[in-house]
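J.: Protein chains in written order, with this note's numbering: chain A, 55 to 292; chain B, 55 to 292; chain C, 55 to 292; chain D, 55 to 292; chain E, 55 to 292; chain F, 55 to 292; chain G, 55 to 292.
Among the hints, a few may not be true.
Label pairs and their calculated CB-CB ranges [what the hints assert, rightly or not]:
| hint | chain 1 | residue 1 | chain 2 | residue 2 | range |
| --- | --- | --- | --- | --- | --- |
| 1 | A | GLU205 | B | VAL74 | 22 to 32 Å |
| 2 | F | ALA254 | G | ASP226 | 52 to 62 Å |
| 3 | F | ARG68 | E | MET250 | 19 to 29 Å |
| 4 | F | ALA138 | D | LYS284 | 55 to 65 Å |
| 5 | C | LYS261 | D | GLY163 | 21 to 31 Å |
Chain D stretches covered by chain C per the calculated footprint, using a threshold of three residues with CB under 8 Å from any CB of chain C [to be verified]:
| hint | stretch |
| --- | --- |
| 6 | 135-149 |
| 7 | 199-210 |
| 8 | 232-244 |
Derived by calculation from the structure, the hints in this document are not laboratory data.
From a predicted model like this one, the values you see are computed outputs, not experimental measurements.
Built from N, CA and C at the ideal position, the CB exists for glycine as well.
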Amino acid sequence: MTEIRTAIPDDIDRYLDSLVRTGPFASKAELVRAALVAFASTAGPIAAGFDLENMVAPDGRIYQLEYAREGAMRGAPGIGIVYAGGAVLATPSPTSPLISKVEKIHRVGEKVAVLSSGIVSDARMLIHRLRTAEPKTTEELKDRLVELYWEHGVDRTKRPLCAQLLVASALDDDTRLTEFDPSGATVEVNAAAIGMNAKALTELLEKRYRRGSAQQAEKLALEALGSPDKADVVHVTI
Amino acid sequence: MTEIRTAIPDDIDRYLDSLVRTGPFASKAELVRAALVAFASTAGPIAAGFDLENMVAPDGRIYQLEYAREGAMRGAPGIGIVYAGGAVLATPSPTSPLISKVEKIHRVGEKVAVLSSGIVSDARMLIHRLRTAEPKTTEELKDRLVELYWEHGVDRTKRPLCAQLLVASALDDDTRLTEFDPSGATVEVNAAAIGMNAKALTELLEKRYRRGSAQQAEKLALEALGSPDKADVVHVTI
Amino acid sequence: MTEIRTAIPDDIDRYLDSLVRTGPFASKAELVRAALVAFASTAGPIAAGFDLENMVAPDGRIYQLEYAREGAMRGAPGIGIVYAGGAVLATPSPTSPLISKVEKIHRVGEKVAVLSSGIVSDARMLIHRLRTAEPKTTEELKDRLVELYWEHGVDRTKRPLCAQLLVASALDDDTRLTEFDPSGATVEVNAAAIGMNAKALTELLEKRYRRGSAQQAEKLALEALGSPDKADVVHVTI
Amino acid sequence: MTEIRTAIPDDIDRYLDSLVRTGPFASKAELVRAALVAFASTAGPIAAGFDLENMVAPDGRIYQLEYAREGAMRGAPGIGIVYAGGAVLATPSPTSPLISKVEKIHRVGEKVAVLSSGIVSDARMLIHRLRTAEPKTTEELKDRLVELYWEHGVDRTKRPLCAQLLVASALDDDTRLTEFDPSGATVEVNAAAIGMNAKALTELLEKRYRRGSAQQAEKLALEALGSPDKADVVHVTI
Amino acid sequence: MTEIRTAIPDDIDRYLDSLVRTGPFASKAELVRAALVAFASTAGPIAAGFDLENMVAPDGRIYQLEYAREGAMRGAPGIGIVYAGGAVLATPSPTSPLISKVEKIHRVGEKVAVLSSGIVSDARMLIHRLRTAEPKTTEELKDRLVELYWEHGVDRTKRPLCAQLLVASALDDDTRLTEFDPSGATVEVNAAAIGMNAKALTELLEKRYRRGSAQQAEKLALEALGSPDKADVVHVTI
Amino acid sequence: MTEIRTAIPDDIDRYLDSLVRTGPFASKAELVRAALVAFASTAGPIAAGFDLENMVAPDGRIYQLEYAREGAMRGAPGIGIVYAGGAVLATPSPTSPLISKVEKIHRVGEKVAVLSSGIVSDARMLIHRLRTAEPKTTEELKDRLVELYWEHGVDRTKRPLCAQLLVASALDDDTRLTEFDPSGATVEVNAAAIGMNAKALTELLEKRYRRGSAQQAEKLALEALGSPDKADVVHVTI
Amino acid sequence: MTEIRTAIPDDIDRYLDSLVRTGPFASKAELVRAALVAFASTAGPIAAGFDLENMVAPDGRIYQLEYAREGAMRGAPGIGIVYAGGAVLATPSPTSPLISKVEKIHRVGEKVAVLSSGIVSDARMLIHRLRTAEPKTTEELKDRLVELYWEHGVDRTKRPLCAQLLVASALDDDTRLTEFDPSGATVEVNAAAIGMNAKALTELLEKRYRRGSAQQAEKLALEALGSPDKADVVHVTI
């Protein structure tokens, strides 16, 4: 469990104490947890009601897209780094003896590789669309993927796709690394992290990233991931 | 019935006693059951409202997919184990004199067999899709099945499929065993259990699994299932 | 009316007496009935809200499928029994002088017969699908029927089919008897009962069923049905 | 207005008297009517919520189909009677001087006639389907009509058809009379009544029906209908 | 404004007086109006909830169809009268200097004319369907119009058409005048009124209608309409 | 802000004064505004619930169509006037230095021009339908436009179009000016105003309209619009 | 955080002080924030309920289109300016070392460029529609874009597109700059700003805009944007 600390006035504290002494709660911590649950179930986002639909809230935000971004950050982290003449994608592999293979990095043809986080089937169907579409350029590749993301965020009979992708593409003259998020937004990056702890990993990459060799990129990626026992590592080169 | 024990303060206890003495409840146990039902019908998951729809909750989870996983774990357990040169699927058979045949393990062509748990028709339609699609490789097989799972978890006018599958495939050079869950997630495994008690059976397999012969695999599967009187056992070999 | 008996504390009883003396109810029985109706309309299943939709409840159940099973058990009972070289389906016929014919057992070609309970048009459309599909094997026959059941239990814009079927098929080498329920689940049986009192009839069949001759099977079926004045009886043989 | 009588305790009665003396109601009768309206708008059927949708209620009933049956019994009554070599359909005609023709009995080709009650356009569209389909046998005729009924009772985006039909068909060797109700259920009958007072008329037919000549059948039909001033009468013969 | 008169007990009256003296209302009339608005917004029809949907209410009525009939009676009245060898349709014309033409009576080919009330575009689309379908007989004409009415009253994603039509047709041997209402019901009439005050006009026609000459029919129609300054008058003859 | 004046009893006034002295409101005006907002959010139209859907209210009105009419009257006013041999459409132009062109009057071919108010894209799509349909007569033109309006007011999955149109057409022998409103109603007029202040402008036109020359018509239109600095003026002539 | 200042009566202030002293809030500021949140979640727009749907509110507004406009103003600002013989689009570029490229200005063929703000995928799909449609004139270009905006604001199963566009087109004789907003409204401008602070930037452009040379236009655009370190600048010329 996560510890939360907060200061409360003495009067209130004494009142809480009496609640614990006379009420059904075993401790003040238990009382606070119950209060939080009760509060969370009534005090939703200001835009309550707007967040269950693919519609626009009064403040111009589309909450389902933001919740989908939350969902896309679930699962093991992954990192992508561009180097001179190529790009590397890396992610830890599970170590259970029963698991023979997990699919986190998929090759699409010889010149494209995709790393994903979030709902596995959402990611798989995005990759499937890519396989079927056979794009000739990175721009075309982006159109095909954004299309599928977009159809699911603009239609009230669907839900947004809960998957982030890092796509390394050598379809053009240069190796390009693109990050896709559930809203269908794309950014071309030199290095990026997705999945659990993406924010912390991104800050680390911002500090340490230098465009270098394939070996340097792979080394940085694995160190950032905490040097896992087993890892999937895929290189895409021109 | 399951027994639940909990400690309550003496003050509360005395109050409950008086409620039983003066109120309509025959015993304290009955009073507690009534309280639990009343509580359960008001105190849903924090993300109440999100769990009846194929939409994303504020914490990034899609509750319908999780409930479907619950549904997929209903029904008799089943086990799949990979061995050198093949894989075995096993599940207990019903013993009622009136039942002549139950379908738990289906062959799809000569090189694929499927074991399922959960809603029978959901599983049957997944298998039907496989028969119609006639995949040439295990990857293609996975695309076809995930597609059907995914269509039902991403569309608000449908419900997720409540079926887990264990698919043994000899379509490639090697025999591969893949587990599919209602979210469309897939894992390639050496051994796995689905259905009722899947969690306990998986822990047992984690301890005892060694890649061995066909006979050893079948023996382990049946022992894990509690050595049932009757069982369906299907082998897939290269 | 069904009589329900329950014990209540004396205090409560006296309170109820006073309610009858001073209030609008003519008797204590009337008061209890009113209380039950009031309770039933507020205290639905724990998973209230999930039971009006083709969606999965938190406990993994799909309530609409269970309610449809309730609906499928309405109407006159029917029995099917396999014997050496064939199978018999039987159900009582109505005896009103105005009714010239009721359709409970339908022949589909020369080798298939179907007995149904529940909503008549749901059953008729299932049979119609069978006639149109012209299956060549019992497996194919099952795929076609399950498909129609499934489409109605997985789509939120439809309702599940409230019909149970007992299908006797001589499409294969052997005569096979299959039971279908509203969830699309199928079981191959030697003997089975559907419709009103199906549970009691099944227990009776479990005790008395032996694979015998056509005459023995028909005799058992009619006795189990209470030897009705008029009955529809259909035999399917290889 | 319909008179309802009920006994109430004296205490309650005195309380009602005082309500009339001091409150806004002009009489006790008015007070009771107001109470009934108030009650009816809060105390719906036990399965409240299920009755506005084409879905299954917890008790296995589909309320919309039952309400549609209510709707189908609105409008003038009609009677059909089979005799040796034919069948007759009869229904009273309106007598207003402004009305030149009302459509209650429709001929469909030379060998089929249809009498209907309930929503006029629902009936007309059922008949239209029959005209378009041009069935060759009575069974085919039944499939076409049940299909249309069924599509409207199984789909949540539609409403059930509020029409009962009595169809006299000489498409086969014999003249057959079939009754269709909004759930798509069909019964083949020797005699039947639909529309207003159908229940009382059916009981009368049960007592007096004998298979006789065309004249006897028509006489019975008209007498049962109360010997109206004007009537539509249609005979179908082989 | 419409004046409503009602008798109330003196006690209540005095209470209302005091409410006016001490409360925010300027007069007793104002108080009554506020009370009516408050009552109307809470005390809907007994079948509240059923009346916003194209579904059947517990009493077998489809409220949307009845509300649509209300809507169809809005707008200027119109009258149709059959005479020997033809029929006349008549309706007052607006007299505003800015309006150059209003469409109330439409010719469809040489042998059909249509007078409408209610939502103008609903009527226009019905007429458009007629133009496109080019029916050869009056029965065919009725099928085409009823079809469009019916599709809008049986489908939950649509609303009923709020238009009444009076169609004069010389497509057959005789000139026929048919009234269509929003439920798709049709009546063949010798004379009929639609739109505002339709009920009073119909009673007038019932008293004065005699089948006569074209001139007599037109004279009766215009007198019934109050001899308006300007009027559209269309004759259809064989 | 608009000033609203109302008389209240002295008692109430004193009560309001005390509320201002002791409560959070800075003045009585502020208190009244808050009261109005609170009232408006609870005391909706009598037919509350019917006004968010394309369905018919109990009084036969379709509120969405009336709200759409409100929406269609937003935006700058426009005027159309028929003269001998032609018609003129006129509307003020914006004067901001940044705006190079606003589209209020669109030519469709050589013989038709359209002036619109309300939602710009709704109007544009109506005009687009006209361009695509290429009508040969004014009646055909009206059918095409009404069709699009109608589809959006009769279907619950769409919203009504919030646009009024004034269409000047020389497709026939005469120049005709037609007004279209969001319900799909059309009126042929000699002169008309749409958009903001349409009602006042119409009254002015009723007083001053005489059929005259092109110059007189344009002069009247511009004067009615308040002689704006810049204006779009389009003439359609035979 | 934004600071809000407001005057309150002393009495109220003292009451708030006491709430802070005795209640759970740490400061008066915290108390006010809590009050605002509580208020905002209950006191929505007067037309509450209308703002979650693509439907018309009683005041004729379509709130979803207004909320979408809010959403379209999120993200970095952009400016477009017409000059003699061409037009320039400009927007700041992100400066993070990890980002290699952000797409804010897209070329569509040689004669069109598009600058966007709001939801990135909404903008991308608008641009994609443009690429596919290959318009030959600016009017055609506008029809294609408005069509897509419109389909998403008129259909209840979709949500409006949250993207503003500035399109520079040299498809005609002149270079034209058009602004598109989420309602599908378009304005042709000499200069315009979109995205964050659009209102302030527009006022600045209104003051400083003069039609000049390409260099002057680019200079004005960049100065208005605050002379960012990095910027995307695209020129479109005839």
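J.: In this structure, is the beta-carbon distance linking ARG68 (chain F) and MET250 (chain E) contained in 19 to 29 Å?
T.: violated, 48 Å
J.: When I compare C-beta atoms, does the stretch 135-149 of chain D have three or more residues closer than 8 Å to chain C?
T.: violated (count 1)
J.: With a cut-off of 8 Å between beta carbons, are at least three residues of the stretch 199-210 of chain D near chain C?
T.: holds (count 8)
J.: Could you check the hint for me, namely that ALA138 (chain F) and LYS284 (chain D) are 55 to 65 Å apart, CB to CB?
T.: holds, 60 Å
J.: Honestly, do ALA254 (chain F) and ASP226 (chain G) meet the 52 to 62 Å range at C-beta?
T.: Given a distance of about 39 Å, which is not inside 52 to 62 Å, the answer is violated.
J.: How does the coverage statement for the stretch 232-244 of chain D fare against chain C, requiring three or more residues with Cβ below 8 Å from a Cβ of that chain?
T.: With 8 residues in contact (Cβ-Cβ under 8 Å with chain C), the coverage given for the stretch 232-244 of chain D holds.
J.: Just tell me: holds or violated, for the beta carbon distance of GLU205 (chain A) and VAL74 (chain B) against 22 to 32 Å?
T.: This hint is violated: roughly 58 Å between Cβ atoms.
J.: Measuring from beta carbon to beta carbon, are LYS261 (chain C) and GLY163 (chain D) in 21 to 31 Å?
T.: Given about 54 Å between the Cβ atoms, the range is violated.
Comparing the model with each earlier hint shows violations of hints 1, 2, 3, 5, 6; every other hint is respected.
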